[in-house]
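Trainee: In case you want the letters, here they are:
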Amino acid sequence: MRLRNGVYHLMTSAVSDFKRSKIRTFLTSLGIMIGVFSVVMLIALGLGLKNYIEGQFESLGANLVIIFPGMVFSEEGGLGGNFGPGFAGGAHFKERDVSALDKVSEIDYVVPMFFKSMVLSANGEEILGYVTGTNEEMFTVSNIELLEGELFSRSDNQRRRKVAVLGYSAAQELFSDPRVALGKRVTASDQRFTVIGVAKKKGDREMDNSLFVPYRSTFGTINPDKTFFAIYLGITSKDAVETAKQRAEETLLKYYEEDDFSVTEQSEILSTINQIFTIINVILVAIGSISLLVGGIGIMNIMYATVTERTKEVGIRRAIGATQKDILLQFLTEAVTLSVMGGVLGLVLAGVMVLVVRQFFPVALNLLAVVLAFGVSSAIGIFFGVFPARRAASLPPIEAIRYE
Amino acid sequence: MIELAKVYKNYYLGEEEVAAVSDVSLKIKPKEFISIVGPSGCGKSTLMYLVGLLDTPSAGKIFVDGKDVSGLSDSELSVIRNQTVGFVFQSFNLINKFTVLENVLLPTRYTKLKLAFDPGRRAEELLNKFGIYERRNFFPNKISGGQQQRAAMVRALIMNPKVILADEPTGNLDSKTGEEILNLLERLNRDFQTTVVVVTHDAAVAKRTQRQIKMRDGRIIRS
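Those protein sequence lines, which keep their order, are chains Y and Z.
According to the working numbering, the stretch in the first sequence is residues 1 to 404, in order.
According to the working numbering, the stretch in the second sequence is residues 1 to 223, in order.
Since no wrong hints were added, every one of them can be taken at face value.
Partial list, derived from the structure: chain Y residues whose beta carbon lies under 8 Å from chain Z: (1) Ser16; (2) Asp17; (3) Arg20; (4) Glu313; (5) Ile316; (6) Arg318; (7) Ala319; (8) Gly321; (9) Ala322; (10) Thr323; (11) Lys325; (12) Pro397; (13) Ile398.
Cβ pair distances, simulated, as ranges: (14) Y:Ile23 / Z:Ser73: 39 to 47 Å; (15) Y:Leu293 / Z:Lys27: 56 to 64 Å; (16) Y:Phe383 / Z:Lys27: 45 to 53 Å; (17) Z:Lys27 / Y:Ser21: 42 to 50 Å; (18) Y:Ile290 / Z:His201: 52 to 60 Å; (19) Y:Phe360 / Z:Asn137: 48 to 56 Å; (20) Z:His201 / Y:Pro396: 19 to 27 Å.
Calculated directly from the structure, the hints in this document are not laboratory data.
From the three backbone atoms N, C-alpha and C, an ideal C-beta is built for every residue, glycine too.
Assemble the whole structure, with the sequences as input and the hints as a guide.
Mentor: Below, the structure written as structure tokens:
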């Protein structure tokens, strides 16, 4: 009872002081507000980006092994040593690799991926989209379903027929109604493809803006080197994944150096993404924390000024029986209230901002960010408030009461 | 009740040591109405703050109810101040951001024991008795000096202390209001049986008390 009464009194006392100097209180809290806001926003952005990329990989089927050029992903699932050459150089996979991999018994199907950003034109319209050269198994791997028409087949690929499945967004932009695209021609780099199918909306920018064509049909002006960016392997069962990876590696080692390619499972990719984003998040939070630190120093500064200003009050309180601890708690409560107030404001602002940004970019708030905002702002209040509060508490009562 | 034995208090003004109180021995008995008189700078206020345990002596001992307080910690001294002593100041020393009622109740916030009375009710009774009940929700700077000093006296009395220490309580008031405050101090000594110590440079004020302690240059010259 006495404790509750005490805390209540401390809080009301602090608030009554804030009311008397609203501008000062607001400006002091502002530092913490900006700090918490930026930390929470940066976490939300990092988290959103991570969720987005993870989602991209998870939408691919299970038991999937991906072969990338270079050592992008190391064996341990960590980030490989030569990230740069990974995407820029390394192996350029060829059709010969696809046929060789197809002979491995643990591998159910092999999906070569050629991917290029290109201008697509049809119907007098032009858009910047992508040409994805692949085979019929790609639709299974990527869970692409049709809105209209049909998928291209194995024989379409072998005969290099100029047929295509058009992504939903590309179809909408080129033909305004995706359904009328069927049977129309789409031109990419002077090659004309007949649309035989339109895909359902995937919610993925690249896929929705793609023109999916049989990979052999790209050989020529679109893909003159006849190479692939990556090869996806569907494995017969989960237990066979390890063996399949080994066999795939052995197969490719006949043509390439060890460092020219990497054979990775989805789980390894996910754990690497996780690692990358943990590092990014730590860096972002560290940057955001600088503003928290500055905010904390602002609080300390104001609290020192407040203590000097209220020396007389401290003297009066000491004369009527306040102990040093009572005075310490009074000023500490004030600092923490000030700081937590800023923290809550920053959090609310970040919440609103997340709702707005979510329209354009995948951001996410989590409980950790909320707990962190409260925890960090109270910790800052305590840390930066304790020194001024100790000065107030250690004022000799007789000098404090005589202070004018 | 409160006893000082060969108490000294020295201050440093730069390099120079100044003796504010020298060799003072004094006994304050229950229910006494005492004045400490002397010219300004004679050490009478310093003596009062020593009696009120707001200041500590450079040498000598202070006993409260027969107990030596020189070895007590700061928080133990605070507890004694809270329960045993009530201060009344020349400049009232109310906290302006709190209302009269909140000021009066402040000592009860700092008490470490369970109170034998209901703070709210006791505050109301005392405010009534001192004629400022109507002003209880006013802020101190919105009421007159006399009313502020009455509020300060209620604050000093709320914990039912054994001794009220008043430092020039009429110094900031006109003579008529000062007279009223003195009457109230007299009454609370008589009606509440509280020991009252008034520090003053005014011989007329001192005359109203039962016992006068005269000081000069930090020493008691007559008691």
